[in-house]
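Knowing the structure of chain A, use the given hints to seat chain B on it.
Going down the list, the protein sequences come from chains A and B.
Take any residue in the first sequence, count from 1 to its spot, add 40: that is its number in the numbering used here.
Take any residue in the second sequence, count from 1 to its spot, add 24: that is its number in the numbering used here.
The set of hints was computed from the structure by calculation and includes no laboratory data.
All values derive from a computational prediction rather than experimental measurement.
All C-beta atoms, glycine included, are put in the ideal place defined by N, C-alpha and C.
A portion of the hints provided could be inaccurate.
As the list claims (entries may be wrong) - Sample of chain B residues facing chain A (criterion: CB under 7 angstroms; computed from the structure):
#1 V132
#2 P136
#3 S140
#4 H172
#5 E180
#6 I183
#7 T191
#8 G196
#9 G201
#10 L207
#11 V208
#12 I209
#13 Q219
To be verified - Examples of chain A residues lying across from chain B (beta carbon under 8 angstroms, computed):
#14 L188
#15 S192
#16 Q211
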Amino acid sequence: MILAVLAVPLVGALLTWRAVGRLATALHAATAALTLVGALAVAVTVNRAGPLMAFDGFLRADALSAWMIALIGIVGALAASEAPRYVAHAPGRFYPLFHLFVFTMLLAVSTDDVGLMWVAVEGTTLASVFLVNFERTRASLEASYKYLLLCSVGIAIAFLGTVLVYFAGIQQFGDEVHALRWTTLMRLAPGLSPRVIELAFVFLVVGYGTKAGLAPMHTWLPDAHSEAPAPVSALMSGVLLSVGVYALLRFKPAVDTAAGPGFARGIMLALGVLSVAIAAAFLWTSPNYKRMLAYSSVEHIGLVCLGLGFGGTLGTSGALLHVANHALAKSVGFLLSGRIRAAYGSAEIAAVGGLMRGMPRTGAAFLAAVLALVGLPPFGLFVSEVMIFSAGFAQGFAAVAGVVLFLLVIAFAGLLRGAHAILYGPAVREPAAEPSGWRPALPMAAALALLVLTGLAWPPGLGAALDRIVAIVVP
Amino acid sequence: MTTASNLLAFLGLVVTLLIVWRQSWPARLRLFAAQSLLLAALASTVGVLAQRRGLLLVAAVVVVVKGLVIPRVLARIGSGAPVRPITPGRSSGITLLVVGGLVVAAYVIMLPVTSSVELPTEGAIPLAFAMALIGLALCVTGRDALGHILGFLVFENGIFGLAILATYGLPGIVEAGVFLDVLVIVLIMEAVVVQVRREHDSIDVDRLRELRG
Numbered sequence: 041m042i043l044a045v046l047a048v049p050l051v052g053a054l055l056t057w058r059a060v061g062r063l064a065t066a067l068h069a070a071t072a073a074l075t076l077v078g079a080l081a082v083a084v085t086v087n088r089a090g091p092l093m094a095f096d097g098f099l100r101a102d103a104l105s106a107w108m109i110a111l112i113g114i115v116g117a118l119a120a121s122e123a124p125r126y127v128a129h130a131p132g133r134f135y136p137l138f139h140l141f142v143f144t145m146l147l148a149v150s151t152d153d154v155g156l157m158w159v160a161v162e163g164t165t166l167a168s169v170f171l172v173n174f175e176r177t178r179a180s181l182e183a184s185y186k187y188l189l190l191c192s193v194g195i196a197i198a199f200l201g202t203v204l205v206y207f208a209g210i211q212q213f214g215d216e217v218h219a220l221r222w223t224t225l226m227r228l229a230p231g232l233s234p235r236v237i238e239l240a241f242v243f244l245v246v247g248y249g250t251k252a253g254l255a256p257m258h259t260w261l262p263d264a265h266s267e268a269p270a271p272v273s274a275l276m277s278g279v280l281l282s283v284g285v286y287a288l289l290r291f292k293p294a295v296d297t298a299a300g301p302g303f304a305r306g307i308m309l310a311l312g313v314l315s316v317a318i319a320a321a322f323l324w325t326s327p328n329y330k331r332m333l334a335y336s337s338v339e340h341i342g343l344v345c346l347g348l349g350f351g352g353t354l355g356t357s358g359a360l361l362h363v364a365n366h367a368l369a370k371s372v373g374f375l376l377s378g379r380i381r382a383a384y385g386s387a388e389i390a391a392v393g394g395l396m397r398g399m400p401r402t403g404a405a406f407l408a409a410v411l412a413l414v415g416l417p418p419f420g421l422f423v424s425e426v427m428i429f430s431a432g433f434a435q436g437f438a439a440v441a442g443v444v445l446f447l448l449v450i451a452f453a454g455l456l457r458g459a460h461a462i463l464y465g466p467a468v469r470e471p472a473a474e475p476s477g478w479r480p481a482l483p484m485a486a487a488l489a490l491l492v493l494t495g496l497a498w499p500p501g502l503g504a505a506l507d508r509i510v511a512i513v514v515p
Numbered sequence: 025m026t027t028a029s030n031l032l033a034f035l036g037l038v039v040t041l042l043i044v045w046r047q048s049w050p051a052r053l054r055l056f057a058a059q060s061l062l063l064a065a066l067a068s069t070v071g072v073l074a075q076r077r078g079l080l081l082v083a084a085v086v087v088v089v090k091g092l093v094i095p096r097v098l099a100r101i102g103s104g105a106p107v108r109p110i111t112p113g114r115s116s117g118i119t120l121l122v123v124g125g126l127v128v129a130a131y132v133i134m135l136p137v138t139s140s141v142e143l144p145t146e147g148a149i150p151l152a153f154a155m156a157l158i159g160l161a162l163c164v165t166g167r168d169a170l171g172h173i174l175g176f177l178v179f180e181n182g183i184f185g186l187a188i189l190a191t192y193g194l195p196g197i198v199e200a201g202v203f204l205d206v207l208v209i210v211l212i213m214e215a216v217v218v219q220v221r222r223e224h225d226s227i228d229v230d231r232l233r234e235l236r237g
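Just chain A, with the same shape it has in the complex:
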């Protein structure tokens, strides 16, 4: 079953490579739909019957992988539903790269081999760099150059960390064939040299943290997210960042076991606070609404990092739920921002005003997404943020939690200020007509409905799924 989920986007990428016109769009839609179905099927199966494996355990999906696979499937389908709008206006290999990008992310979260995970995470950069530069403007060129360079350097640092983990493994236990396997690593963890593992984790945090968009390694993120076409921004912000967090989350329990829980926690808390602080500052100064959404991603990834740092059942499950909530809210935000940009011809806040009058439906949905992102009920981000902060206070980090709450208020006001200017500010120009009918509204409405669900009444199985993940990552 894992094989099927991985094969669908890969085959889809190959098929859409040569296809043109309507056929390409149909293949694209079929691939995205099948990926979604497969991802959800994997998630359900893993939660009912335990981990899935293939190739002698080389590919392995446990509850944590299943969570990520389901998210990638959902956000992938959301983004895919919006993609044809962009492909119509520009040539280029959008569909194949899109599905290749989805494939690399799925591969990264469904392998037991931390080496292959590294290869797959690097693959996400290579698959998406041309997508960032899809519009071939000067700005998007600059964004893709920065993205490629910074993420390649980052991922090379993560490679160094992976090598050191492997080194620690074979030094203590000789040549175990599976020493690069995560399951083996967890078994060996109590005997690994703490100093080497600590050093390795520093490299891993810098490396995968670059991919996750944690400050101060986040500088590629606002550029790439704002210049990429909206479906790609949605994928990058919604799930690519979380794949970086996922990679760290795989190593964290081993580090906690080998070196004690304080080490990883200190690093994660520091990076989390810094990310939220930097995002809060830039949310006030950003003149461009796509950049604003990008900085909001830095903020939310910072919160996820804090939740993992606080740890415990509450902090970890809060962080994972926050990953999912943020993925839904931010992809809706980016997809709508793409429609707004198409209608107004600019991503500057100053160029867009009176969205509520000019594009009432899009405006209302954008308002809902922004309210979700600032963490207001009834949306799920409120619940997951409450979980993260309760964990902070419960674990005795009241000062850290207090500082971050204060920063959140600043970020909250910054994001609302920008959104207010867009939605209710004086109209500068008339937008093009917004998409009409129920079809363009459906994916957004579905995503927002899911968010209300995670905010008000958890669907059956969600709590149990989170508990299963906590059992994996909290040693």
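Using the frame of chain A, we list chain B on its own:
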């Protein structure tokens, strides 16, 4: 093995210093190719002495990919660019001082690794890491796309050298992934640089200054 690996890693570091010191692009490119060959020699030495056949294959791939293909692509990217930077160079005294500091830092950072084990190759590990750090510094301070790529590749060579010295070879799929990765990055870089040159009539990425805030 200790003598051979120390010597090769030391030579690698010397070549890295020369890359920092030289300003002429073709010379730096030749130095990079030489460094890659040293890396291949290191891989095959460790492979023979520690009886790891896989490393001989790795050495062969290093020669082809990093010794031949990548320098050729880089030469193609660099053709047309001025041989030396037009703006006055940095003071090489200060640069070399910084590099010296990085070598010391490499020894300090790698202390947990070298002190935790008794490996015949452990003396060379900090040298390889110093190579990586200097590459990273080159990459960060590079003034044009060529400088960035070259810095990145030196960085990558250092890490790869360290991997060989510390683990005597990684599982095959990871090594294959690393080579594929470096090759694809260089090819994508070429495509991007071609476009930068078309847009800006220069590969001076300092002109990429539109995205702010």
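Verification of the hints:
no.: 1; hint: V132; verdict: violated (11 angstroms)
no.: 2; hint: P136; verdict: holds (4 angstroms)
no.: 3; hint: S140; verdict: holds (5 angstroms)
no.: 4; hint: H172; verdict: holds (6 angstroms)
no.: 5; hint: E180; verdict: holds (6 angstroms)
no.: 6; hint: I183; verdict: holds (5 angstroms)
no.: 7; hint: T191; verdict: holds (5 angstroms)
no.: 8; hint: G196; verdict: violated (10 angstroms)
no.: 9; hint: G201; verdict: holds (3 angstroms)
no.: 10; hint: L207; verdict: violated (10 angstroms)
no.: 11; hint: V208; verdict: holds (5 angstroms)
no.: 12; hint: I209; verdict: holds (5 angstroms)
no.: 13; hint: Q219; verdict: holds (6 angstroms)
no.: 14; hint: L188; verdict: holds (6 angstroms)
no.: 15; hint: S192; verdict: holds (5 angstroms)
no.: 16; hint: Q211; verdict: holds (5 angstroms)
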